[in-house]
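Peer 1: Sequences and hints are given; from them, build the entire structure.
Protein sequence lines, in the order shown, are assigned to chains B and R. Using my numbering, read the first sequence as starting at 1 and increasing by one per residue. Using my numbering, read the second sequence as starting at 118 and increasing by one per residue.
Honestly, I wouldn't trust all of these hints.
Computed cross-link-like contacts, DMTMM-like style, restricted to lysine to aspartate or glutamate with a CA-CA straight-line distance of at most 25 Å [said to hold, decoys possible]:
1) R:LYS179 x R:ASP129
2) R:LYS145 x B:GLU8
3) R:LYS233 x B:ASP64
4) R:LYS145 x R:ASP216
5) R:LYS234 x B:ASP32
6) B:LYS74 x R:GLU183
7) B:LYS42 x R:ASP155
8) R:LYS240 x B:ASP36
9) R:LYS145 x B:GLU19
Don't read these hints as lab results, they were simulated from the structure.
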Amino acid sequence: MKIAKIQELLGADLLCGEEYLDHDVWAACCSDMMSDVLAFVKDQGVLLTGLLNSQVIRTANMMDMVCIVIVRNKVPTEEMVELAEEHGLVLMRSPLRAYEASGVLYAAGLGREVADA
Amino acid sequence: MPEPIRFHFDVDGENFTSAGEASVAVKKKLRQLGYSPDIIRKVSIAMYEGEINMVIHANGGKADVEVNDDEIVIILADTGPGIPNVELAMQEGYSTARDNIRALGFGAGMGLPNMKKYTDEMKIDTEVGVGTTITMKVYL
Numbered sequence: 001m002k003i004a005k006i007q008e009l010l011g012a013d014l015l016c017g018e019e020y021l022d023h024d025v026w027a028a029c030c031s032d033m034m035s036d037v038l039a040f041v042k043d044q045g046v047l048l049t050g051l052l053n054s055q056v057i058r059t060a061n062m063m064d065m066v067c068i069v070i071v072r073n074k075v076p077t078e079e080m081v082e083l084a085e086e087h088g089l090v091l092m093r094s095p096l097r098a099y100e101a102s103g104v105l106y107a108a109g110l111g112r113e114v115a116d117a
Numbered sequence: 118m119p120e121p122i123r124f125h126f127d128v129d130g131e132n133f134t135s136a137g138e139a140s141v142a143v144k145k146k147l148r149q150l151g152y153s154p155d156i157i158r159k160v161s162i163a164m165y166e167g168e169i170n171m172v173i174h175a176n177g178g179k180a181d182v183e184v185n186d187d188e189i190v191i192i193l194a195d196t197g198p199g200i201p202n203v204e205l206a207m208q209e210g211y212s213t214a215r216d217n218i219r220a221l222g223f224g225a226g227m228g229l230p231n232m233k234k235y236t237d238e239m240k241i242d243t244e245v246g247v248g249t250t251i252t253m254k255v256y257l
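Peer 2: What follows is the structure, given as structure tokens:
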């Protein structure tokens, strides 16, 4: 799925990384616990979270993720946006709650494409 | 054998916001040196977990990375409170982090087990009241 499609499906505002919108991603994960993201995630390109601090961006960077979606319309700090830009990540915010946002992406096939293939 | 490439970082224990900067820097260096994404990910995740631990539990410390021909060695040394029961600390889900740390997205008790998982060797030298030194190796 293109990152642009994720933005469209989640009605999200783009905060940075416009140049990467046509990149493909195959899976996503949703967590406010960066510890668990570091421990359990494998090859998910998208992180959905309601947590707001710079470690969200660093965790995504460590895991080679390409897109972060902040849910519940929370506003990331300026530092988060700067860090995301620096690391070449797409950062967006969606009015949807984490559960809804995950459901929308899952229903649209994200994370199922590989399993169904 | 050529001289190993060494990196040294002082990890600031006062500042949670900057925690992880050393790991980000190492990740960038390893990428420049042309290592595979798999190796880079192992080293940087293990180091990042360790760096976060040093900031959460030990008021910072020192991080050293040595890139050799056959392995990458990460040494994280702090003068924090030490780990009273290493076996317990290695259990997934065991954490002594306070709620304010959990609110920041860490302290799930996955740090040390995760560091072990992502590295080929891990050694913990710790003494209560003196500090902890963790040595991790990733084979190349």
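Peer 1: Compare the structure with the hints numbered earlier in the document and write down the numbers of the violated ones, lowest to highest.
Peer 2: Those not satisfied are hints 2, 4 and 6.
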